[in-house]
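Here's the letter readout for the chains.
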Amino acid sequence: MTRGAARENPGPSTLAARAVSVRFEGLTAVDRISLELQRGEVLGLIGPNGAGKTTLVNVLTGFQVPSEGTIWVVDADSTGWQPHRFARAGVIRTFQNGRLFKEFTVRENLEVAAIGVGLSARKARTRAAEVLDWLGLTARADERTDALSYGDERRVGIARALAAMPRWVLLDEPAAGLNDVECDQLMRTVAAIPERFGCGVLLIEHNMRVVMTVCHRIQVIDFGKTIAAGPPAAIQSDPQVIRAYLGVREQRR
Amino acid sequence: MAGASPLERIWPVIALWALLLVIVALAELFGGGILNRVVTDALVKVVVVVGLYIFVGNSGVMSFGSISFMAIGAYASVWQTCCPKLKPINMSGLPDFLRYNTFDLFPSAVSSVVFATILAAIIGFPIMRLSGIAASIATFAVLAIVNVVYGNWDRVTLGTNSVVGIPRYVDMWVALGCAAITIAAAYAYQCSRSGRSLRAARQDEVAAKAVGVNVPRERLIAWTISAAFIGLGGVLYAHNIGVITINNFYLDMTFITLAMLVIGGMKSLAGAVIGVVALATLQELLRQVELGFVVGGLSIKSPPGVQEVVIGIVMLLILVLRPGGLTGGREFSWPSPKRRPRS
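Sequence lines, in order, name chains W and B.
Mapping to this note's numbering: the first sequence position 245 is 245, numbers consecutive.
Mapping to this note's numbering: the second sequence position 208 is 208, numbers consecutive.
None of these hints come from the bench; they were simulated from the model.
All residues carry an ideal CB built from backbone N, CA and C; glycine is no exception.
A portion of the hints provided could be inaccurate.
Said to hold, decoys possible - If we take Cβ atoms under 7 angstroms as the criterion, some of the chain B residues that face chain W in the derived model are:
#  : residue
1  : Gly151
2  : Asn152
3  : Arg193
4  : Arg196
5  : Ala200
6  : Gln203
7  : Asp204
8  : Ala207
9  : Ala210
10 : Val211
11 : Val213
12 : Asn214
Throw the hints in and build the complete structure from the sequences for me.
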């Protein structure tokens, strides 16, 4: 399958934002941010609430056209593409509030995602079964998603994204609202995604502790700007991050 | 669905076929001419409402304009099959091949459906980029435009006058056959990749886009297939009644067909069919009351217009008390103890 081939033969593998800005009526939500996500890595995108993380994900997936700057899928300038085109190019996202198809079962949610990016009905069924199995959701497969527990809902959100054959998967606060145990479990899953599915993971979180353990690289943003980027150890000890990120967070409480 | 047997998978279609077949068989055995006519009318409505369902049910976008394609299909068939003596005189605006020729019934029906389908694809192309209420209002504009054009194009449509003498070949069995085909096609569509993608978009458009669904494209596919069957419904209507005017295909028809879909449950194919059966039955009962009947020497007769009022009230009650319609958006599933549909 594509997944296996992808692992053996990664080829060109970068999803990139170059000097992207997003302005809403005078408010600058994203201010000249550049970001690169390679397949096979987990990149943490952290920052306090309102820092511009979700806006950046919207830009990277076509839900928000940037006011300035460009988006690149490998070597194609994809600024202005419709969201479904990003998805078909392998850029798949999750949503903070899940946005599952409530009238569908878990399995149907996954199958329609695979169908959406162009798989045949049969291949979609196989793909859905694989992903469900990998995430330990097979027992839930035939339940309607409006009957799921909160934790399962979060996992199905990720499962649906993985069913859509991502080359880069953008997880928007997948652990929000989970307790510490559930959160740690989920992070082990996230950490294993690149190895299993051959894709890059952009992990959005505002909890520093969580990202430190799973990310290869971390990019910290605040007030729409990148304030630091690098490996976890460097970020942890970066005085600017400690001051701006943790400090601001304390104040905001 | 994955491990279901073939019979189990097509059960929703078989169940609906069986329901209609039983109704037709009963009408054939016990009914007279009137019941026969009522059932035929209802089966033509099944074609139209299931056609409507293909778009509305799967996309979640209300269409107030689809009945236009009934008119387009009906007139297209009439031009080909009707009135060889009158056409050259009354319909002077028709192209010569239509004006001086009469065509066979079956190929005419097919070409009329194709004509409605092509027009729908062209009209739908810009409209299907809209969402929600904007799309609905745009479809309403289509209804108004088609009505005005056909209502004033005297040399082609006879304006708002009736076209009479249309060959009547649609009996109960022809209508049943067409209804059966429409039901099968609707089910095939909703199980197709396009149908499933569209149903996902109906539940959450943003999430559907995020997994690659091209929403305008899938909507256009559903709209076009839907129009094909509504066009077929128009053809059947014309050749069942034998007389048409453009105002047969306007607000009253739009209202009653949408009412049938809403009352039955617009999210399921079973809902579309049950809605027609329920409302056609109610309509016929009310019509009897309007005509007057005698109970124990007492003559009872309701004032005219009671039909519309009662149907309106029923629709309101359904919307308030059972928003999913009679079927609650479910199909007739394979009989199992757990998930039996209520209908």
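What are the numbers of the hints that this structure violates, sorted from low to high? 1 and 2
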